[in-house]
Amino acid sequence: MSVVDDELGTIAPWRRPPKAEWDDEDTYTLPLPRTTLVDNQVKLRVVKHRFTYGLIEFALVYRTLYRASWCDVVEIDSCHDVDVHLHQYGRQAKSRIGEPGVLLAIGSMEDVQRGYETAMSNLEKSWEQLRERWHHA
Amino acid sequence: MPDMQRDDVVSWVYRRLGDHDFTRQLTAKAPDGSRPVVVVMPEDTMPALGGQILAVGGAANVAVPFLNAVMVFALHAEHGDDDIDPCDGNLLATDCTVGLLMARIGVDGGGMTYRYMADGATRPESARIDDAFVTF
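For the record, the sequence lines run as chains Y and F.
Here the first sequence is numbered in the numbering used here, starting from 1 and rising by one per residue.
Here the second sequence is numbered in the numbering used here, starting from 1001 and rising by one per residue.
Please keep in mind that the hints were generated in silico from the structure rather than gathered at the bench.
Even for Gly, the Cβ is constructed at its ideal location relative to N, Cα and C.
Each statement offered as a hint is correct.
Stretches of chain F that chain Y covers, calculated by requiring three or more beta carbons in the stretch to come under 8 Å of a beta carbon on chain Y:
| id | stretch |
| --- | --- |
| 1 | 1010–1022 |
| 2 | 1048–1055 |
Reference listing, derived: stretches of chain Y covered by chain F, where coverage requires no fewer than 3 residues with Cβ under 8 Å from a Cβ of chain F:
| id | stretch |
| --- | --- |
| 3 | 24–33 |
| 4 | 38–44 |
Here chain F stands alone, though its shape is the one from the complex:
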């Protein structure tokens, strides 16, 4: 499979929605009961991804091209109330990309919560990652 661009992944998602083995793994649900799918590229930043997640209610299934496949994970984002803790090992750099997050998921596994600074925010937002899988 050649390198996938964003629109290729959108088409890929449309096709895979007919596959029960794929859809049963889309576990993130929005408040309206739907299962949103957000497509991002590895070079997109965490604040950009977080903005899309919050726009659909705070939870989405994120699809990212990954080598010659697609990584999908559930992401729950929310605005934080806590101040920045410089000793927080899960505080991501402001320019952290989705690709770096994927590398971190590979190391940490699922069930982790990371914090990141959204543009213009004074307190970090949080992103909890669940149910990551890689599929073709």
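Bound-form chain Y, shown alone:
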């Protein structure tokens, strides 16, 4: 749920807990369905709350092995902004292409957790299409 400012009647921006309450970041290398870590993998970085272990922010990069090099295909993250968004990369451009697509607005830590679940669910279902799009971009 988003926090509403009573006086202005506007949605207050998402504020992360103070850095002193952040736990050390963790990173994981994860497999995707229907493939192995040898060809395709997800690099996930998470920062959790030191006391509640709630998710404060996350960033995941899906990368694929192409001609013996790891190439970024998409990045989904909740960093530096008030939403969870998806950045698409292009094989030939070798950089991000287009505007990031917003998956979910963040108003609280629960939204970050929901964003993480949405991001992983999206990747599970559509990483092959995303890779196809990357290949031709």
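Position chain F against the provided structure of chain Y, taking the given hints into account.
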């Protein structure tokens, strides 16, 4: 819980990464500092598992469906320099599966090092097992 297939275990891992009690038990770290999770099935062979571990830098947390739960263990793999010793009790058969390895872990406990022959290799590779646990 019905029998889990590989992709079910992948989904299960994604969900469990939000659980601090689970993630603190993922002790294997790759050289890049990340904690890789490799998902395999009991019928996969040791050379296939070892190939994945080496591809992510030589260490990973292995998740395998186990009865109606999931067994997770830390595995450190490396290329060996020694010739095959036929008297080596920890030299696994070339067609040894992950399921048989799990049975062996159940008997031996953690902290053991096993050797296995990778496809095309002339010297056995080694796999050290640590921190095995079973979780739902």
